[in-house]
Amino acid sequence: MRDIAVVSVAQHQEKALTHTTEVELMVPIINEARGAVGLTQDDIGFTCSGSSDFLAGQAFSFVHTLDAVGAVPPISESHVEMDGAWALYEAWVKLQIGGVDTALVYSYGKSSPGSLRDVLSTQLDPYYLGPLWPDAFSMAALQARIMLESGAVSEQRLAEIAVRSLNGAAGNPLAVRSSAEATVESVLAEAPIADPLRPSDCAASADGGVAVVLAAGDRARELCERPAWIKGIDHRIDPHQPGVRDLTRAPSAEMAAAQAGASADRLDAAELAAPFTTQEHILELELGLGNGTAVNTSGGALAGHTMMAAGLMRIADAARQIHDEQADRVLGHAASGLYLQQNLVCVMEGE
Amino acid sequence: MAERLRADLVLEYPFTRTTGPVIGAFLTGLREGIILGIRRPDGTVLCPPTEYDPESSEPLTDLVEVGPGGELLSWTWVDPPRSQSPWDQPHGLGLIRLDGADTPMVHGLLVDGPEGLSVGMRVTARWRPEREGHIADLKGFVPEGADQ
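Residue numbers (our numbering), protein chains in the order written: chain A, 21 to 371; chain B, 25 to 172.
Because the hints were derived from the structure by calculation, they are not lab data.
Be a bit skeptical, because a hint or two may be false.
Derived contacts from chain B toward chain A, CB cut-off under 7 Å, selection only [what the hints assert, rightly or not]:
#: 1; residue: THR42
#: 2; residue: VAL46
#: 3; residue: ILE47
#: 4; residue: THR68
#: 5; residue: PRO72
#: 6; residue: SER98
#: 7; residue: PRO104
#: 8; residue: LEU119
#: 9; residue: THR127
#: 10; residue: ILE159
#: 11; residue: ALA160
Here are some chain B residues the structure puts well away from chain A; computed CB gaps all over 12 Å [what the hints assert, rightly or not]:
#: 12; residue: LEU29
#: 13; residue: ALA31
#: 14; residue: LEU33
#: 15; residue: VAL34
#: 16; residue: GLU36
#: 17; residue: GLY44
#: 18; residue: GLY57
#: 19; residue: GLU79
#: 20; residue: PRO83
#: 21; residue: THR85
#: 22; residue: ASP103
#: 23; residue: GLY116
#: 24; residue: ASP123
#: 25; residue: ASP126
#: 26; residue: THR148
Source: prediction; values computed, not measured.
Beta carbons: idealized from backbone N, C-alpha and C, even for Gly.
Chain A with its partners taken away, still in its complex shape (with noise of 0.2 Å):
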């Protein structure tokens, strides 16, 4: 195996990009992150996305976004209809072959445009729940529900979660959702929003975009003072339909931090895209994350969930301590489809 690295991020993301086009919103993103080691276009060696046609609203408006990289002279580029962290791992499987030494990795999405909570019904299978078009807010309230019944977290516990994101988003100019002053006893005052959901328990629907690059070996130290070495990354899968799955748990989560070798030693810090707080509080047991470990001080996907680019973000957010020298060993998490049925594991490491 190479050696793969993050070796620079760059970010922005906002309640909602309302006269930002995805090109405009990417230019400065990507110019930043290539930027920031020095590079152009003409020295990345494979290029990959992950954006949603559907949330766009256009087939093909990826190809649009190539604006926003410079595809001229022709460019070696790929796409994932998913959250760009699984770009990244095409990006770093590319570079697993060999033949090139650099990669860009970006994602981006704008939901402001309609309402996410109700387009997320359009991810369903479409012949028994599509079509009753169960927003993301209910669909997730019923595993509350049955998490709450069965003693799996506490109505007390999720309110810590929701604290720990607003008080951590307090310090992120990112986040779009944060309160230093959030306490247990506020977030509990809160009306539920899909029972017994409270609004904190939701994440907070927002625009933007993210991009990274990558870089193997001597190539990576040449262009970072301290790498984000990878030194484990793998994505796994549960069923879809939710009467099939114990809604109190993630298998996926669990298998792909094993195979990413999560637990081989201490994690000084997680990043965790779980867009309601029940999710959250599956994935830390799920990652086996324990008290020595620092979750979400960016506040997490709760703080500013950004469709198709959340989990890339949150590996982002992880690899940046890496490269400020605040952490050792981090992990960073991504997660698509209905209850976490998609997860992917991220470990990196400063040398």
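Please build the complex by placing chain B on the supplied structure of chain A, with the hints as guidance.
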């Protein structure tokens, strides 16, 4: 100046999909007013039925009738109703394990308010009079014994 050429553009999705022997049978059952599950090799019954076993991926073929009564395993309250859903009034959404099935299905709960819902309560299916082989042929579920 040359005449401007015109052509009509019809946006369409000119494909049909077959729902197959399992989902198709389930939807046909709904049209007939019955609910079908499917038996796994271990004897347990999945409802709604899938074409394959979720753990072993083995094909499943043994359809069995389940319900129309069942137990409510979880619920939430949807108010206002979502604009594209089959419901135009505030309603419950639940996970309902039908009698004879071992897994729950998602559907609407037709009661006046959330105080009418509790985990473990007995519910039963309500049908639309005109049915076309669609999940919304089931109007939803009501408390067992309700006159609705």
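Results for each hint:
| no. | hint | result |
| --- | --- | --- |
| 1 | THR42 | violated, 12 Å |
| 2 | VAL46 | violated, 10 Å |
| 3 | ILE47 | holds, 5 Å |
| 4 | THR68 | violated, 10 Å |
| 5 | PRO72 | holds, 5 Å |
| 6 | SER98 | holds, 4 Å |
| 7 | PRO104 | violated, 11 Å |
| 8 | LEU119 | holds, 5 Å |
| 9 | THR127 | holds, 4 Å |
| 10 | ILE159 | holds, 5 Å |
| 11 | ALA160 | holds, 6 Å |
| 12 | LEU29 | holds, 24 Å |
| 13 | ALA31 | holds, 20 Å |
| 14 | LEU33 | holds, 14 Å |
| 15 | VAL34 | holds, 16 Å |
| 16 | GLU36 | holds, 14 Å |
| 17 | GLY44 | violated, 10 Å |
| 18 | GLY57 | holds, 17 Å |
| 19 | GLU79 | violated, 8 Å |
| 20 | PRO83 | holds, 15 Å |
| 21 | THR85 | holds, 17 Å |
| 22 | ASP103 | violated, 9 Å |
| 23 | GLY116 | violated, 9 Å |
| 24 | ASP123 | holds, 15 Å |
| 25 | ASP126 | violated, 9 Å |
| 26 | THR148 | holds, 18 Å |
The earlier numbered hints that this structure contradicts are 1, 2, 4, 7, 17, 19, 22, 23 and 25.
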